[in-house]
Amino acid sequence: MRRWLILVMGLLPVQALADCESGSTQHRAEGRAVTVAFATQPARIKVGEFFSLDATLCPKAGASAVRAFKVDASMPDHKHGMNYQPSVVRKGDNAYTANGLMFHMPGRWQLVFEVDSAAGRERILADYQLD
Amino acid sequence: MSPSGLTLALLLAAATALPAGAGQSLAGFSAEEIRQVLRHGPWPQTVPPDPANRVSGNPAAVALGRALFFDSRLSAGNAMACATCHRPEGALSDGRERALGRVRLDRNTPGLWNVALARWFGWDGAADSLWAFVIRPILNPDEMAATPRQVAELIHGDAALACWHAKAFGPPQGTDPERLLSDAAKAIAAYLETLVSGKSDFDLLYDALAQADAAAALRYPPDARLALFFGRGQCAVCHVGPNFSNGEFHDIGIPYLVAPGRVDPGRHGGIALVKRDRFNRLGEFSDDAAGVSADHTRHVVQNHTTYGQFKVPSLRNIELTAPYMHNGHLQTLHDVVRHYSDLPEERLHQDGEALLKPLHLSEQEIDALVAFLRTLTSRQFPQVNPAGCR
Numbered sequence: 001m002r003r004w005l006i007l008v009m010g011l012l013p014v015q016a017l018a019d020c021e022s023g024s025t026q027h028r029a030e031g032r033a034v035t036v037a038f039a040t041q042p043a044r045i046k047v048g049e050f051f052s053l054d055a056t057l058c059p060k061a062g063a064s065a066v067r068a069f070k071v072d073a074s075m076p077d078h079k080h081g082m083n084y085q086p087s088v089v090r091k092g093d094n095a096y097t098a099n100g101l102m103f104h105m106p107g108r109w110q111l112v113f114e115v116d117s118a119a120g121r122e123r124i125l126a127d128y129q130l131d
Numbered sequence: 001m002s003p004s005g006l007t008l009a010l011l012l013a014a015a016t017a018l019p020a021g022a023g024q025s026l027a028g029f030s031a032e033e034i035r036q037v038l039r040h041g042p043w044p045q046t047v048p049p050d051p052a053n054r055v056s057g058n059p060a061a062v063a064l065g066r067a068l069f070f071d072s073r074l075s076a077g078n079a080m081a082c083a084t085c086h087r088p089e090g091a092l093s094d095g096r097e098r099a100l101g102r103v104r105l106d107r108n109t110p111g112l113w114n115v116a117l118a119r120w121f122g123w124d125g126a127a128d129s130l131w132a133f134v135i136r137p138i139l140n141p142d143e144m145a146a147t148p149r150q151v152a153e154l155i156h157g158d159a160a161l162a163c164w165h166a167k168a169f170g171p172p173q174g175t176d177p178e179r180l181l182s183d184a185a186k187a188i189a190a191y192l193e194t195l196v197s198g199k200s201d202f203d204l205l206y207d208a209l210a211q212a213d214a215a216a217a218l219r220y221p222p223d224a225r226l227a228l229f230f231g232r233g234q235c236a237v238c239h240v241g242p243n244f245s246n247g248e249f250h251d252i253g254i255p256y257l258v259a260p261g262r263v264d265p266g267r268h269g270g271i272a273l274v275k276r277d278r279f280n281r282l283g284e285f286s287d288d289a290a291g292v293s294a295d296h297t298r299h300v301v302q303n304h305t306t307y308g309q310f311k312v313p314s315l316r317n318i319e320l321t322a323p324y325m326h327n328g329h330l331q332t333l334h335d336v337v338r339h340y341s342d343l344p345e346e347r348l349h350q351d352g353e354a355l356l357k358p359l360h361l362s363e364q365e366i367d368a369l370v371a372f373l374r375t376l377t378s379r380q381f382p383q384v385n386p387a388g389c390r
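Top line first, the protein sequences correspond to chains A and B. Going by our numbering, the first residue of the first sequence is number 1, and it counts up by one from there. Going by our numbering, the first residue of the second sequence is number 1, and it counts up by one from there.
Among these hints, one or two may not hold up.
DEER-style ranges, computed between Cβ atoms [stated by the list, open to error]:
#, chain 1, residue 1, chain 2, residue 2, range
1, A, ARG90, B, THR147, 13 to 23 Å
2, B, GLY170, A, ALA118, 51 to 61 Å
3, A, ASP131, B, ASP207, 20 to 30 Å
4, B, LEU257, A, ARG108, 27 to 37 Å
5, A, GLY92, B, ASP342, 48 to 58 Å
6, A, LYS91, B, ASP367, 50 to 60 Å
7, A, ALA118, B, SER30, 22 to 32 Å
8, A, LYS91, B, ARG102, 28 to 38 Å
Note that these hints are calculated values from the structure, not bench results. All of these numbers come straight from a predicted model, not from anything done at the bench. Ideal placement from N, C-alpha and C gives every residue a C-beta, glycine not left out.
Assemble the whole structure, with the sequences as input and the hints as a guide.
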């Protein structure tokens, strides 16, 4: 089951899934200076199974290119994160793959994208309800 | 989106994703109970081949592994076999609070039925594969206390073992004792992979609900109320999936003081051990050269919250493996459920699982949860019985 809710800096507008110029379009998270378009492999995340995440970062008008990108996740209601630390590999201009993600419990998870650009650092959140 | 709109979106998403057979009540089971039951099967599960063990599933390796499992020559002084503690008549456990090797050990002997379905092995997950798990007690000076050379000489010196070894692994590739030790462990792992227990009452309920067979569903013990396990008890948050475990580690407030001045670090120590284990999935003895099965080894992270965490055990056949918890200090299933009912919050890790709160169960609710746990006991325990090596 896929149940994504995209949060922007802690707020809750659910974004229409649309292309972010190029690259992955499965999901989309809006930040202040950057939009993260991402897809997971496999598309359906299962409890206790590893998945990877392909992300395309699209700087908004006037913003500069991304310098660094990290991915993590937590269960806010349980007050803990994953038991595994993903590794992020740059695949091209503003394209990244994160490997080694695992949601080990059902419930509400929150992906955390950390983006560092000339516009500063920002954390972009995306909620996922894992049943 | 307004909160109500958000809720609606979630409900719609959930409704479209319900598995076949769910969505409506049947034989007194609510739609939510059916949905939860269908997350915990089907059973039995097929054990996938282990890429790090090239003889996984190989019948000759299974025969060799079975022979070695019961062979006390695999220990110093021929004192004990794997089966000395993992007793077939005891659901492959020993019934003791804490295991008895050459000395009394710190932890309870885990049962081995369905062990191959795990991701990590041992209460602290110090092994990332079943065969690496097998090596630890063989070499541990406090347990079987064997040496790689002793294992190598045993396999070379016994005609039947040598025959099975040649059939499973091919012509000998050198005389490196550690290589033969890893071969022996991989063969024992191949045997352990065959130990998948049969269906339980719960699995018969799963089958009935999956097939919408009301008459069959009604045969499920009426006092084993599912709602407590899946609902208020929130047991299925960690004991989730067909093997009733998420395969990970938690601190549930069990004391980890082993002796005055000595604590069991649990998962914190286990991660350190697995990272430096020469027999791990990233090491030279793994048959998975590309490391495709080593995601968990590669990405596992040790931090302060892992201190005092222990593995979430499978609940299948739990009725048969008393006493309970990593140190065996809870004698009965009633004691286990009472532990969660009276959970010592002051003992829990400040940064630990926020979900853990005392359940404050009534005696009737405790009885019902224990009755549920007993429905996870298999009715059959199929075992391989290889013929001799020719």
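>> For each hint given before, does the structure comply? Return the numbers of the non-compliant ones in rising order.
In response: 1, 7 and 8
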